[in-house]
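Participant: Listed here are the chains, written in short residue letters.
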Amino acid sequence: MKDRTAVVRLFKASAGIWLIGFLFVLWQEGDAPWFAYAPYRMGSTFSMQNALYSLAFALPPRAMHWACVALGLLSTLLVLDRLPRVGSVLLWLGYTLVLLRCWLAVSGGAQLMALLLFWSCFFVNDRPAMLAYAGFWAARLQVLLVYALAAAHKLCGPLWRSGEAIHQLALNPDYSLAFLGPYPGSCKALTWGVLVFLVLFPLAVWWKPTRRAWLCMGAVFHLATAVWLGLPEMALAFLACYSLWLSSAEAENVLQFLRAMKKRSMQSFATGRTS
Amino acid sequence: MPRWTNLIQKTLLPFVVLHTALLLAYGWPGGMVPQRIEYWAQAYARPLFHQQWSLFAPEPPACGCHIFMVDSSGEAVDLAGVRNTLVWQRMVSSACRYAEMTGSGEALPQALSGALVELACHAGMPAQCDARLVRTCQGTDHGVEQRVLSLCAARP
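If you're matching them up, the sequences are chains A and B in order.
Everything in the first sequence is counted per the working numbering, starting at 9 for the first residue and increasing by one.
Everything in the second sequence is counted per the working numbering, starting at 61 for the first residue and increasing by one.
Here chain A stands alone, though its shape is the one from the complex (with noise of 0.2 Å):
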């Protein structure tokens, strides 16, 4: 088994400040995001599901502010590489109430941010190395099943197999590519662009040269979609599950460069004090 030690504090670095992210945007909106209604008709029979909505429907929102609140010391501690097993199971199924209770609030990012912490739970320890191995590859899936399953609805769609998706997204007022408006022609070329990495995103990233370019265009399409389709959460979400199709070298270097900014932040900041 190779080592993963540096893409896996990677992933928990960048996971670790995504959610704190999320849980503070969250926290200062306020009891807005904290329903009282589910979803879903909760029948009378036991189920998970019923069990789950019971449990995140019952809490009064004040009590959602202290659980984001908590969560974001569990994140940091996820950030700092100083949580144990129990704490990634806390983490996981609390950070999974809190989305059940704010429905309308949540994204695609933070669905996929969910379903990674379920499989960090086993490969935030090292031991036993069976277990770490075993979530380590089912999260490298998950982002490939993402790819395959968005590719597989948007291949469904005939706007997005004659090339014309792009340019009704830029004719619709709610969305900042009005720009596009004007050139179909480029709007088919990236329609049909966005299909390729998509349904070729499941396969490129397992060749290391397809694998840095699909990881860089992949890079650019979400950048993208924050800035003008209004999903920023979405878009880092993306990028932080990225870290776990790194080689260990790469992973290695991303954390150096980080250390360095840090390095460097600090001593700015504390040059900043001193003068």
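These are computed hints drawn from the structure, not numbers from a lab.
Possibly wrong hints are sitting among the right ones.
Stated by the list, open to error - Across the chosen pairs, the derived CB separations fall in these ranges:
(1) B:Leu67 to A:Gly193: 56 to 62 Å
(2) A:Tyr48 to B:Ser210: 20 to 26 Å
(3) B:Ser132 to A:Thr84: 44 to 50 Å
What the hints assert, rightly or not - Taking beta-carbon pairs under 7 Å as the criterion, some of the chain B residues facing chain A (in silico):
(4) Thr65
(5) Leu72
(6) Thr80
(7) Ala117
All C-beta atoms, glycine included, are put in the ideal place defined by N, C-alpha and C.
Dock chain B against the given chain A, drawing on the hints supplied.
Facilitator: Here is chain B on its own, set in the frame of chain A:
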């Protein structure tokens, strides 16, 4: 090696494979998965592993979508314009898209009408029962379409 470690090793691979297969069946476009498999996939995935990857699919939304709350004096306030925060905009936009999916003659789902009333309260509006869904289209269906949403009729 302890017996439980051995057991974990033997069950892990089948679990990961089965888990991934069930999630694939759960998230695959509707009508393409055999009914029995879909049932088991839903039972397994929905409580803890819910995911939906059909953003802008099968078709991207053609029209802008806004919900206006109408007060007793008949004045309409755009919910999206009340707060300019990420979470608020996401909630209002999702509510509008869900309401858009409901047929024009149908009542809104209870949870959605309840959520809209709650959003209006958080926006500092008095309790109200009337809202308007406004769709602004610029493509081939150029124009503005309005639909009245009766929130109290379906309120839980």
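Participant: Are the hints correct? Go through all of them and say.
Facilitator: Evaluated hints:
1. Checked against the hint of 56 to 62 Å, the C-beta distance between B:Leu67 and A:Gly193 comes to roughly 59 Å, which is consistent with it.
2. For A:Tyr48 paired with B:Ser210, a C-beta distance near 22 Å keeps the hint of 20 to 26 Å intact.
3. As the Cβ distance of B:Ser132 to A:Thr84 is approximately 47 Å, the hint placing it in 44 to 50 Å holds.
4. Given hint, B:Thr65 at the interface with chain A, holds; its Cβ is 6 Å from that chain's nearest Cβ, closer than 7 Å.
5. Below 7 Å, beta-carbon pairs count as interface contacts, and B:Leu72 has one with chain A at about 4 Å; its hint therefore holds.
6. At a threshold of 7 Å, the smallest CB-CB gap from B:Thr80 to chain A is about 5 Å, leaving the interface hint in force.
7. Residue-level restraint check for B:Ala117 holds (minimum Cβ-Cβ distance to chain A is 4 Å; threshold 7 Å).
Consistency with the previously given hints is maintained throughout, with no hint failing.
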